[in-house]
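Engineer: Fit chain B to the known structure of chain A by using the hints.
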Amino acid sequence: MVKSMPNWLKKNYNSLWKKYEKEVFTTQNVADSLNISNYMATKTLWQLENKGFVYKTRSELDYRNKLYRLISPEDVRYVIGLYSLIEKEEFRRLTLEDKLILLNEKIPYALTGSKAAYQFHHYVNPPKVYEIKIRSEDEGKWIAFLTDKYTRVYLNDILETKSAKYYIKLIHSTIKFDDIIHKSDSGYYIEKIEYLLIELLMRETQTSIIEVVAMIIQNSADINWFREKGVIKLAVESNIIRELGFLLDALNYESDSSIVDERIISTIENMVEGNSKIIFPKDDVLLNRYDELRNKIVHQSLISKKEIVKYKKIQKRFEGYSELSNKWGLQSILPREVIRKVLTDLGVS
Amino acid sequence: MSSENSIVEKTNLLDLEEINKEAEKYEIDLILIGGNSVRAYTESRSWRFTKDLDFITTSTKLGLLYDVLNNLGYNTMKTDYGLKGSKKINEKYSIELHISVDKVIDWSTGKTYILPEDIFELSKSVPIKASFEENQELEVVAKSAPIEDVVIMKLMTARPRDHFDSVAIILDSFDKLDISRFKRICEKNELIKTIKERIESLIVDNRKGIIAKLWKQNTGLTFIATRQNDLRKKLRVLLEIL
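These protein sequences, in sequence, are chains A and B. Numbering follows our numbering, with no gaps: position 12 of the first sequence is 13. Numbering follows our numbering, with no gaps: position 93 of the second sequence is 282.
If you're looking for bench data, these hints aren't it; they were derived computationally from the structure. Be a bit skeptical, because a hint or two may be false.
Computed from the model, here is a short list of chain A residues facing chain B with C-beta under 7 Å [said to hold, decoys possible]:
hint, residue
1, E91
2, L95
3, T96
4, L103
5, H123
6, Y124
7, V125
8, N126
9, K129
10, I159
11, E161
12, D285
13, D346
For lysine-lysine, the following DSS-like pairs were computed, each having C-alpha atoms within a straight-line distance of at most 27 Å [said to hold, decoys possible]:
hint, chain 1, residue 1, chain 2, residue 2
14, A, K177, A, K163
15, B, K405, A, K170
16, B, K318, A, K163
17, A, K342, B, K422
18, B, K318, B, K300
Cβ coordinates follow ideal geometry from the N, Cα and C atoms, glycine included.
Bound-form chain A, shown alone (with noise of 0.2 Å):
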């Protein structure tokens, strides 16, 4: 047994869960309502915490301060049953994968972002934190089973204010689980490339708009696009289907081929219709450098002529899609050398 409680903590657990349940609570409160040291509650909250039988948040206005909340018996019971047959020596030596490989089918899951990204494109090495969609009602056991003194479990925000080996970010989804995973070639399950291809696009972060660009490239062929949950539905249904059709397009423009097959591209452009205000992508990074371009541009008097010069050249870099922009009703601010860097790095020019 590798998830059990000694006695003391277990006694402590029981209480707490009678008083709070899923109610937060402060160390202070522990040390109130079990009428213990500050000390012992600090040690009763960093057992339950490192065991994962409760989880901690910290206030956005001050880090130390610290917010707990119980994992239920029910979830804890479930979690210490998985464990069960697992000897300690093999439980030490489990990765976040091979967890994710012994849970199998039990509760339905599909690793998103970049570290199931990097399972289909090999290209960006991903972060170190595994973003796992889960059914909101799981939560307490998926804080439960991953928890451990290498893997830090979060909702929200990850503060790095402990250095860990695993970060994950668990994601609640109501999507059926069965339409969106794939099984990985290490056996743990990944969202499908056509749902992950629109959450990333759907991010629009410099970052996840490279992950996409490399998928495709090394994908294309193999991606469903028309049929029942395509691409081009799926994107459709989350209301992207410009930037989609648009960033297509650029991808086929800038590596003067058809890594993408021209009829997907004409079937999503017989889709679009009109102009639109979309500014894409809205990455914030990308949107404020713009922005503070552009006010420099306005503001022209203030600046001297080779500024001018200077600032229109990289409002060129800017507006280097201004065509299919255009075509696309679209405002583009992606800087062509984002795909372009893709495409050389993987090999295609």
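Structural biologist: The following block gives chain B in isolation, referenced to the frame of chain A:
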């Protein structure tokens, strides 16, 4: 069982080791730049490199280098900037290799970075660790460009991704930075104004929370206030020296 991902990484690292050994054997000046050199100066949470290998070299032994790469199975060809090589790992994936000769040209700005005379002499042998669990025992040693050159090459571009890399290096390895060499190289490359403007804009970005967004995009982690303050102080030091 090794996954395809770990095989790609393993091949990449073993090739890097082999190239490094061969370069030493034939006394070819060859050092890493790009993502792998960022890796040498940052914590693993900031590693978002590609599997490609980016090097710099001098024109003196280019012919020899060409032969070394061909012997290691790379399809090599000459380019505007130097050499380009490609080696298939399997049907789907290959390792791309780029070697800039005597200078590095930045695509986003068209600016050129002339390699300082002491760059090879000051290059550092650094351990490059694998990032995949299955390769955790694997660590190869390769020569990386000195930190000052890596930071300048990252600051001179217009790509936010490079700015993230420079921020990560400044935060993690500021103590290793030789500030007077940093200034000297900027002067020699006529980059003082460019780098100064970039640092000023990073200070503003840091204040406005833009760096925090860039940090989150690239690491998935929140840029905490203490780190924000630390960055502000370090950027100020760089700005003052310029």
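Engineer: Now, for every hint given, state plainly whether the structure supports it.
Structural biologist: Now the hints, each set against the structure:
1. Using the Cβ-Cβ criterion of 7 Å, the hint placing E91/A at the interface with chain B is not satisfied: the shortest such distance is roughly 15 Å.
2. A least Cβ separation of about 11 Å between L95/A and chain B goes past the 7 Å threshold, and the interface hint is therefore violated.
3. At a threshold of 7 Å, the smallest CB-CB gap from T96/A to chain B is about 5 Å, leaving the interface hint in force.
4. At its closest, the beta carbon of L103/A sits 15 Å from a beta carbon of chain B; the interface hint therefore is violated under the 7 Å criterion.
5. Interface hint at H123/A: satisfied, since its Cβ lies 5 Å from the closest Cβ of chain B, which is below the 7 Å cut-off.
6. A least Cβ separation of about 6 Å between Y124/A and chain B falls short of the 7 Å threshold, and the interface hint therefore holds.
7. Evaluation of the V125/A hint against chain B yields a held restraint, the C-beta minimum of about 5 Å falling below 7 Å.
8. Below 7 Å, beta-carbon pairs count as interface contacts, and N126/A has one with chain B at about 5 Å; its hint therefore holds.
9. With a cut of 7 Å, the hint placing K129/A at the interface with chain B holds, because the nearest CB-to-CB distance is about 5 Å.
10. A hinted interface residue such as I159/A counts as satisfied when its beta carbon comes closer than 7 Å to some beta carbon of chain B; here the least separation is about 5 Å, so the hint holds.
11. For E161/A, the shortest C-beta to C-beta distance to chain B is roughly 5 Å, which falls under 7 Å, so the interface hint holds.
12. Annotation: interface hint on D285/A holds; nearest CB of chain B at approximately 5 Å, less than 7 Å.
13. Taking 7 Å as the C-beta contact cut-off toward chain B, the hint placing D346/A at the interface holds, the least distance being around 5 Å.
14. Distance hint between K177/A and K163/A is unfulfilled; the C-alpha atoms sit about 35 Å from each other, more than 27 Å.
15. Proximity of K405/B to K170/A is assessed by CA-CA distance (about 13 Å); at most 27 Å being required, the pair is judged to hold.
16. Pair hint K318/B plus K163/A holds up; C-alpha atoms about 21 Å apart against a cutoff of 27 Å.
17. Restraint check: the Cα-Cα separation between K342/A and K422/B comes to about 33 Å, which exceeds 27 Å; the hinted pair is violated.
18. The suggested pairing of K318/B with K300/B is violated, with an alpha-carbon distance near 32 Å, which exceeds 27 Å.
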